[in-house]
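*Asks:* Spelled out from the first residue to the last, the chains are:
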Amino acid sequence: MTPEDTLNAFFASEDAPAHDVEFSLAVTEGIAKQRLYQTLSRRAAFAVALGAVAWAISPALGNLGGLLSSPVVLITAVVAGVGAFAPQIMDRIPVLRATRL
Amino acid sequence: MSGGAPDAALVRSAQGGSDAAFGILVNRHQQALRGFLRRVCRNWAMADDIAQDVFISAWSKLDQLHDPDAFRSWITGMAWRRAAAIGRSAGRRRAREASWVEAQDNGAPEGISTDDNMALTDAMAELTPDQRACVALCLAGSWSHGEAAKTLGIPVGTVKSHIARGRARLLEALGGDNDA
Chain W
1 MTPEDTLNAF FASEDAPAHD VEFSLAVTEG IAKQRLYQTL SRRAAFAVAL GAVAWAISPA
61 LGNLGGLLSS PVVLITAVVA GVGAFAPQIM DRIPVLRATR L
Chain U
1 MSGGAPDAAL VRSAQGGSDA AFGILVNRHQ QALRGFLRRV CRNWAMADDI AQDVFISAWS
61 KLDQLHDPDA FRSWITGMAW RRAAAIGRSA GRRRAREASW VEAQDNGAPE GISTDDNMAL
121 TDAMAELTPD QRACVALCLA GSWSHGEAAK TLGIPVGTVK SHIARGRARL LEALGGDNDA
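Protein chains in written order, with our numbering: chain W, 1 to 101; chain U, 1 to 180.
Read the hints as simulated data drawn from the structure, not as lab findings.
Keep in mind it's a predicted model, so treat the numbers as computed, not measured.
Check each hint, because a few of them may be wrong.
To be verified - Facing chain U, a subset of chain W residues (Cβ under 8 Å, in silico):
(1) P3
(2) T6
(3) F11
(4) E14
(5) A18
(6) Q34
(7) T39
(8) A44
(9) F46
(10) A47
(11) L50
What the hints assert, rightly or not - Chain U regions said to be covered by chain W (calculated; three or more residues, Cβ under 8 Å):
(12) 20-31
(13) 64-76
(14) 110-119
Using N, Cα and C, we set each Cβ at its ideal position, and we do this for glycine too.
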């Protein structure tokens with residue numbers, strides 16, 4: 001066996017298996033986690049933006065809403081109402097759309 | 001998406017949201033990427049962790065890959081930068097020690113004596129990170145000098161000299177001809 005052959009055998013011994021289900025599953029799991037973080041962070045940002053808008057317009061809504069005694073109740077109702085439909089709204093906006101699972 | 005499709009087609013499909021296409025890319029390139037990292041890091045567990053992180057990172061940055069044909073170079077470049085950053089940290093010494101212990105625990109691979117295996121393990125560890133990377137790509141792998149240079153971000157001439165010196169050092173460790 002020549003030194004070159006030994007060197008090649010040494011390199012070959014460091015190769016990973018050609019098919020490694022465990023490794024592929026670990027990558028898939030990592031991607032799923034990454035996707036979840038991205039989705040959650042997008043939705044959290046969307047919720048914060050909604051809250052800010054609701055807070056900004058609350059005086060106007062408060063003046064209109066003689067039916068409600070507390071602006072906080074009104075803001076909560078607006079945020080909850082929009083939040084309930086957030087997934088459907090976001091799926092219609094490409095930038096906010098969650099990546100397909 | 002067929003497993004025999006070229007990288008460029010798979011990359012475009014993955015950029016369009018196909019998990020299956022990206023899965024094929026992972027299966028196709030994991031062996032080479034892990035092999036490269038194992039040779040550069042000299043620590044298999046660390047190398048596999050980096051490879052896993054690189055694939056996950058590649059998935060999230062796939063839109064930044066403008067040349068779909070260059071997927072192999074792209075992920076290997078990312079892996080090299082991560083490995084180099086880790087190599088500069090305090091973990092390098094531990095990685096070398098772990099590599100040495102691992103080589104002893106595993107025994108010699110088929111076709112190599114224990115002495116030769118240990119000599120080559122030590123010789124690889126003594127190469128500079130750049131030399132190891134060039135040896136890993138162009139000697140252990142079958143990369144062209146040009147592609148290795150582009151991936152590692154160093155001139156082609158430097159790649160050639162790293163390979164020559166690395167090869168000479170490894171052959172010297174085997175007691176063979178060390179002329180580059």
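*Asks:* Next step is simple, just say for each hint if it's right about the structure.
*Replies:* Right, here's what the structure says about each hint:
no. : hint    : in the structure
1   : P3      : 3 Å, holds
2   : T6      : 5 Å, holds
3   : F11     : 4 Å, holds
4   : E14     : 5 Å, holds
5   : A18     : 5 Å, holds
6   : Q34     : 6 Å, holds
7   : T39     : 12 Å, violated
8   : A44     : 18 Å, violated
9   : F46     : 20 Å, violated
10  : A47     : 22 Å, violated
11  : L50     : 26 Å, violated
12  : 20-31   : holds (count 6)
13  : 64-76   : violated (count 0)
14  : 110-119 : holds (count 5)
The earlier numbered hints that this structure contradicts are 7, 8, 9, 10, 11 and 13.
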